[in-house]
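Put together the whole structure using the sequences plus the hints.
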Amino acid sequence: MEIREKKQNKVVVAKKSIVSYMRELRSRVSEEKKDVDRFSEQVVSTDRRRGVLNGKYVDRLVVFLKGTGCSIIKKNGGCTCCGFYSISNLGDKIEDSFYIKEIHDIINDQDNKISDFNIVCLYNDGSLLVEEELSFKVLIYMIQTLNSIDSIEKIVIEAKVNDITEEKLKKIREVTDKAFEITVGFESANQKVRELCVNRPFTNESFEKKVELAKAYNISIVPLLMVKPAFLSEIEAVEDFVSSLVYLEKFNLERIDMELPTVVRDTLNYDLWAKGMYKPITFWSVIEILQRRAKLDLKVPLYISPMVYSVEAVDKAGNCDKCNESIYKMFEQYNESGEVSIFDKVDCGCKENWKQMMNETSSINNLEDRVIDVLNELKSNPVNS
Numbered sequence: 001m002e003i004r005e006k007k008q009n010k011v012v013v014a015k016k017s018i019v020s021y022m023r024e025l026r027s028r029v030s031e032e033k034k035d036v037d038r039f040s041e042q043v044v045s046t047d048r049r050r051g052v053l054n055g056k057y058v059d060r061l062v063v064f065l066k067g068t069g070c071s072i073i074k075k076n077g078g079c080t081c082c083g084f085y086s087i088s089n090l091g092d093k094i095e096d097s098f099y100i101k102e103i104h105d106i107i108n109d110q111d112n113k114i115s116d117f118n119i120v121c122l123y124n125d126g127s128l129l130v131e132e133e134l135s136f137k138v139l140i141y142m143i144q145t146l147n148s149i150d151s152i153e154k155i156v157i158e159a160k161v162n163d164i165t166e167e168k169l170k171k172i173r174e175v176t177d178k179a180f181e182i183t184v185g186f187e188s189a190n191q192k193v194r195e196l197c198v199n200r201p202f203t204n205e206s207f208e209k210k211v212e213l214a215k216a217y218n219i220s221i222v223p224l225l226m227v228k229p230a231f232l233s234e235i236e237a238v239e240d241f242v243s244s245l246v247y248l249e250k251f252n253l254e255r256i257d258m259e260l261p262t263v264v265r266d267t268l269n270y271d272l273w274a275k276g277m278y279k280p281i282t283f284w285s286v287i288e289i290l291q292r293r294a295k296l297d298l299k300v301p302l303y304i305s306p307m308v309y310s311v312e313a314v315d316k317a318g319n320c321d322k323c324n325e326s327i328y329k330m331f332e333q334y335n336e337s338g339e340v341s342i343f344d345k346v347d348c349g350c351k352e353n354w355k356q357m358m359n360e361t362s363s364i365n366n367l368e369d370r371v372i373d374v375l376n377e378l379k380s381n382p383v384n385s
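Going by UniProt numbering, the sequence shown opens with residue 1, and the numbers climb by one from there.
It should be emphasised that the hints constitute simulated quantities derived from the structure, not laboratory data.
Mixed in with the good hints, there may be bad ones.
Below, in silico cross-link-like pairs of lysine-lysine (DSS-like), each with a Cα-Cα straight-line distance of 25 Å or less [to be verified]: (1) 93 to 75; (2) 160 to 250; (3) 209 to 160; (4) 316 to 329; (5) 279 to 329.
In structure tokens:
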């Protein structure tokens, strides 16, 4: 009992250490950028991608809206990997009129004609279901506006698990009869990994309730799984991701999204990376995950999200210059076909280094100790010193 209590106390200390570090980091960013003209009269970016609709691969338009700034930043400093806050409005809520203008600008954009897309995704690098970031009445207006366009068959928004309520789901369903999807950052089925490695606090029970609640309104919840968050080794990342896939299988979800990591400035991941204490996942490990998934005969489709974001990365998932491009293209093929056999004959000299990494001892039982030690090291020798 005493050993268990000591372990629980260390987990609490590790959580507090993560929150403290992230709050300090965000405070520094806010101070550095407070006098910068960070607001422009346009969406951050739009991107033409492919997506799944009724089992078919179709064109989708991804819209990165100018964000107020993730509201969770004020509470716990936000996710360890997320650099979107640096290009947001740093928590100052953007006026409703701006977003109303934006949605009409998107519809009237001649470079990406809205009629060319069957799916439209609205992202704000935060949560579209929290009033602090976006007025709910404005979100409803956006959904109504998109609902009136015949070519659009599915509307997608992003939110946090804890922001999903029955009242909001009911109102959304009242204004659109189209397929509707809410993507949520789930990150890992291991709550300790989710809280200590990503700094995202919610329970599996809460996620399960929201999935069932959304199903009652014919709305899909799509969990985003981060592969290799901070503090995990290569083999630990693979095992954690596969375990998460197994956990999620029972919910009969429409899809699971694999989020390949990038390293961007103003994040804990960047500080770790700069000190040689973090490296994004290799493509070999991604292939390993896909192969293990196939052996387990898991049925929920897995989609590998492209590494295209609204902030510039200094590093990202990959192998070596020789094989990166060809394997990355194969991920797109996998998304469309689901055939893991396309990777059977893929090889490169860099694979030997990966095999050595995969032979390392795997144990996240003492993850809290690792987190505390690493953060103490970072505080003693900060990146900017």
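Numbers of unmet hints, in rising order: Failing hints: none at all.
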